[in-house]
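The residues making up each chain are set out below.
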Amino acid sequence: MTGAVEAEDLRKSYNGGKAPHGGRSPHGGKAANGGKAANGGKAANGAAGSDGVPADRRVHALDGLSFSVAAGSVYALLGPNGAGKTTTVRILTTLSRPDSGRASVAGIDVLAQPGRVRSAIGAVSQHSGAVGLLTGAENLAMQGGLHGLRGKELRRRTSELLDAFGLTEAAHRQAKTYSGGMRRRLDIATVLVHRPTVLFLDEPTTGLDPEGRTDLWAVLTELAAGGTTILVTTHYLEEADQYADQIAIVDRGRIVAEGTSDELKAGLHGDSVLLELDSHDRAEQAEKILIDIPQVAGASVDGSSVRARVADGAHALPAVIGGLEASSVPVRSVTVARPSLDDVYLHHAGRSFRQAEKVTVS
Amino acid sequence: MNVLRQALVIFTGRYLRELYRQPAVIFIALLQPIIWLLLFGALFKEVAKIPGFGTGSYITYLTPGVVIMTAIFGSSWTGMSYIEDMQTGVLDRFLTAPVSRAALTGAMLAYQAVTTIVQSAIIIAIGWGMGATFPGGLAGVAALVGVAVLIAFAMAGLSNAFGLLTRQREALIGASTTLVLPLTFLSGAFLSLRLVPHWIADVARFNPVNWAASAGRVAVAGNGAWGTIGSYAGFLAIAALVTAIAATRAFGTYQRAL
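For the protein sequence lines, the chains are A and B, in the order given. Just so you know, the numbering used here puts 298 at position 298 of the first sequence, and the rest follows in order with no gaps. Just so you know, the numbering used here puts 249 at position 249 of the second sequence, and the rest follows in order with no gaps.
Hints are supplied without guarantee of correctness; some may be wrong.
Stated by the list, open to error - Heads up, simulated DMTMM-like pairs for lysine to aspartate or glutamate below, C-alpha to C-alpha not over 20 Å straight-line:
#1 176/A x 18/B
#2 288/A x 325/A
#3 288/A x 302/A
#4 176/A x 84/B
#5 152/A x 138/A
#6 288/A x 276/A
What the hints assert, rightly or not - With beta-carbon atoms standing in for the labels, derived distance ranges:
#7 185/B x 113/A: 48 to 54 Å
#8 252/B x 197/A: 23 to 29 Å
#9 228/B x 119/A: 46 to 52 Å
#10 112/A x 249/B: 16 to 22 Å
#11 197/A x 128/B: 57 to 63 Å
#12 68/A x 257/B: 24 to 30 Å
Calculated directly from the structure, the hints in this document are not laboratory data. Computed from a predicted structure; not experimentally measured. Glycine is no exception: its CB is placed at the ideal position from the N, C-alpha and C atoms.
Just need the whole structure built from these sequences, with the hints factored in.
Structure, rendered in structure tokens:
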């Protein structure tokens with residue numbers, strides 16, 4: 001009937017002063033939906049909170065988030081830090097519970113039967129999860145033992161996974177000596193020991209070098225080809241663009257757009273005009289001018305460049321350049337391009353991806 | 001049983017390995033009680049001569065006290081291991097796998113039992129070398145080690161629950177140092193309660209550390225007061241059970257805060 005992972009109207013809020021451990025603190029007041037009870041009947045649950053923190057001080061990490069993942073696909077939750085990706089994965093992997101909403105994984109109700117969900121999934125958190133003083137083989141064997149594997153079967157599965165993840169040579173070295181990429185591979189191998197049907201990875205490529213990222217994605221793509229459903233969170237636009245079958249753009253606790261990379265870009269019906277200017281100040285100046293030009297649907301600054309969304313690049317170009325010339329803002333170069341995922345994000349979230357990241361980091 | 005098997009997997013597959021791969025930890029764990037024994041043995045040597053103290057030799061009096069003190073010192077830090085596991089992601093990995101929460105607590109307690117037994121044996125051996133006598137024989141010594149393990153369980157459960165609830169290193173360090181020394185000194189671990197102010201003796205009657213120290217001392221003295229030992233051990237077992245349940249339930253509280 002349904003997908004391998006289903007989330008329906010998930011809502012969760014935290015006491016504003018107390019960020020959940022481990023994750024980055026969800027961003028401040030902007031997300032709070034003006035503090036009004038937008039969740040209708042569930043407001044009492046979501047807004048007042050069980051810990052009695054007043055509604056205006058609560059941070060809405062998830063604000064009615066819904067999505068569905070087809071079995072055997074790679075699904076990326078794409079969004080800036082603090083958008084609610086980690087909270088979503090924590091709920092789906094039974095670590096945390098939403099204030100309201102429903103979720104199922106592999107057809108099992110996450111809230112009603114967390115134990116059964118745990119047997120069906122593999123979950124890799126942002127932090128490694130490997131025990132540093134144990135060797136790669138020992139980490140695998142312990143996980144297998146916890147899933148009830150023993151004796152010959154456990155040994156076979158352990159060496160099979162070490163082999164598949166290129167860790168056979170390092171099998172008897174302590175995990176703390178592994179490189180970032182090796183550690184990630186060990187993390188994934190470890191949670192695959194019981195052959196789960198759904199794999200969750202929270203920011204798996206953060207901290208990896210480009211080569212490590214490519215390797216990791218090769219592993220994930222192969223797993224998906226073998227039928228494993230993969231849900232991955234990332235704040236790298238390029239990764240989602242290149243590797244995910246489906247992308248959900250998450251912003252302020254909700255999914256603002258969903259589809260394949262091509263669908264999302266095609267949905268914009270337009271081009272982007274990329275302008276290079278002399279300095280960041282000039283770029284900001286140019287952004288203000290561009291927004292007032294009728295043909296421009298939106299604009300965002302990144303360093304000394306400005307990206308403007310227009311319906312038709314060739315038609316809008318004269319107005320764009322004319323507008324800047326009239327205000328004596330010198331332009332170094334102009335490029336017209338098909339929309340990128342960054343444009344998609346800008347369109348749906350109302351701010352560029354990099355701006356969103358800056359807001360949440362500060 | 002699934003819980004027992006999982007506890008065994010974590011205990012042997014992880015805790016024992018981690019222990020023998022950290023020789024420095026073993027060294028400190030063995031050195032500390034030796035220092036207590038030598039230091040307090042020398043410092044309070046003469047108090048045994050005070051009329052009414054009861055025992056002729058202070059080292060005989062002190063040895064069971066140091067066994068109990070060492071047991072609670074070591075076990076009061078176990079919550080730190082969970083805090084580390086939160087930061088490294090190990091705890092999330094356990095909690096998202098079908099691992100029984102009771103098995104997590106059980107593995108930790110098994111580990112605590114092993115370290116307490118080894119430490120106690122060494123203290124008893126050194127105490128014996130320094131002239132302590134154990135008229136209760138092997139049975140008495142075994143009972144002393146047994147109550148040391150029980151008080152270690154109670155303290156470890158408390159520490160685990162506290163670590164899971166506060167999720168803060170500093171909070172646990174503060175709580176441990178604030179709790180452990182007063183509990184030790186509000187007991188008959190170092191001084192006969194006949195010689196301390198009345199209020200301390202009164203408080204000590206409700207102090208599990210004192211139950212353990214008293215039961216251990218009576219056991220090694222070998223005057224056959226097994227009823228006394230048994231009732232102290234029973235209270236300690238209840239304390240251990242209550243804190244073990246609290247520690248196991250604290251996983252749920254930790255998750256609700258995520």
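- Do the beta carbons of residue 185/B and residue 113/A sit within 48 to 54 Å of each other? Once the Cβ atoms are compared, 50 Å apart, the range 48 to 54 Å for residue 113/A and residue 185/B holds.
- Task: Could you check the hint for me, namely that residue 252/B and residue 197/A are 23 to 29 Å apart, CB to CB?
- Result: holds (26 Å)
- Item | Supplied distance hint 46 to 52 Å, evaluated on CB atoms of residue 228/B and residue 119/A | This hint holds: roughly 49 Å between Cβ atoms.
- Task: Using the beta carbons of residue 112/A and residue 249/B, state whether their distance is inside 16 to 22 Å or not.
- Result: For residue 249/B against residue 112/A, whose Cβ atoms are near 20 Å apart, the range 16 to 22 Å holds.
- Query: Are residue 288/A and residue 276/A close enough, with their CA atoms no more than 20 Å apart?
  - Reply: Holds: residue 288/A and residue 276/A sit about 15 Å apart, inside 20 Å.
- Sort out whether residue 325/A lies within 20 Å of residue 288/A, counting only the CA atoms. holds (14 Å)
- Cβ separation of residue 68/A and residue 257/B, checked against the hinted range 24 to 30 Å: holds (28 Å)
- Given the range 57 to 63 Å, decide if the beta-carbon distance of residue 197/A to residue 128/B lies inside it. Holds, since residue 197/A and residue 128/B (Cβ atoms, about 60 Å apart) stay within the stated range.
- Is the straight-line distance between the alpha-carbon of residue 288/A and that of residue 302/A 20 Å or less? holds (14 Å)
- Given hint residue 84/B paired with residue 176/A - CA-CA distance at most 20 Å: Roughly 14 Å between the alpha carbons, so the hint for residue 176/A and residue 84/B holds.
- Mind checking the alpha carbons of residue 176/A and residue 18/B for me, to see if they're no more than 20 Å apart? holds (12 Å)
- Message: With the threshold set at 20 Å, check whether the alpha-carbon distance from residue 152/A to residue 138/A stays at or below it.
- Response: Given that 20 Å is the threshold and the Cα spacing comes to 15 Å, the pair holds.
Of the hints listed earlier, there is not a single one the structure fails to meet.
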